[in-house]
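Student: Here's the letter readout for the chains.
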Amino acid sequence: MRPDPTPSKKNQEKQVNTDTEPLKGTFTSVLLLGAFIVVCWVAVFALFLNRA
Amino acid sequence: MHLHRYEKIWLWLGGAGLAIFITLLAINAFAMGMQPPSDMQMIDPQKVDQTPPFDKPGLKQIGEKEYDAYMTAFAFSYAPSVIEVPVGSKINFHVTSKDVVHGFEIPKTNINFMVVPGHVNSASMTFDKPGEYLILCNEYCGAGHHVMATKIIVK
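Residue numbers (the numbering used here), protein chains in the order written: chain A, 43 to 94; chain B, 167 to 321.
Among these hints, one or two may not hold up.
[To be verified] Taking CB as the label site, the calculated pair distances span:
1. K213/B x F90/A: 30 to 40 angstroms
2. M206/B x L65/A: 26 to 36 angstroms
3. M206/B x A85/A: 24 to 34 angstroms
4. V248/B x T68/A: 54 to 64 angstroms
5. N92/A x G254/B: 16 to 26 angstroms
[Said to hold, decoys possible] In silico contact screen, one side only, chain A against chain B (beta carbon under 7 angstroms); selected entries:
6. L65
7. G67
8. F69
9. V72
10. R93
Note that these hints are calculated values from the structure, not bench results.
Idealized CB from N, CA, C, for every residue including glycine.
Whenever a hint applies, use it, and build me the whole structure from the sequences.
Tutor: Listed below in structure tokens is the structure:
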């Protein structure tokens with residue numbers, strides 16, 4: 043059986059507008075994780091400078 | 167390519183972070199002189215005892231309050247066994263190993279490096295507070311690793 047070259051109705055339905063996707067939670071998590079990494083790094087670097 | 171507005175924000179934040187880290191690295195290396203503890207000076211690890219200045223490990227005064235400490239690390243101790251300097255002295259440590267990889271750490275300071283056989287490993291530190299400073303091995307080097315230590319007395 044040859045595959046159908048035209049997109050099926052099911053696939054068309056999957057295409058959604060990404061700007062309306064709820065990424066707020068993802069955004070907050072990314073910023074929180076980033077802030078945690080920055081705080082850890084600053085703390086270690088401050089310790090290093092303090093002892094230099 | 168279409169990107170969500172939030173994705174653009176965190177990509178820019180990530181890019182800015184990368185730029186900041188590279189800038190800080192350059193400032194550390196070129197303006198503050200922070201270098202890795204090996205100056206690429208090589209030594210034959212089997213002839214450490216015959217190679218000056220490591221044939222006579224010890225302190226060498228090079229300034230009013232500055233010393234070069236030539237030290238050897240071996241299973242399971244360091245030479246010289248005790249170092250004594252006045253308060254405010256700067257010690258430039260030059261350490262090499264006679265056998266396996268050892269560690270050289272002065273706890274609660276920035277001095278912490280590996281002593282790799284065949285290399286002369288260096289680090290500097292100014293001792294502004296009097297007291298006894300422990301030097302210990304933090305690379306497992308054999309059965310007596312846990313007793314491998316020496317001290318610096320700052321008076």
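Student: Need the list of violated hint numbers for this structure, in ascending order.
Tutor: 2 and 7
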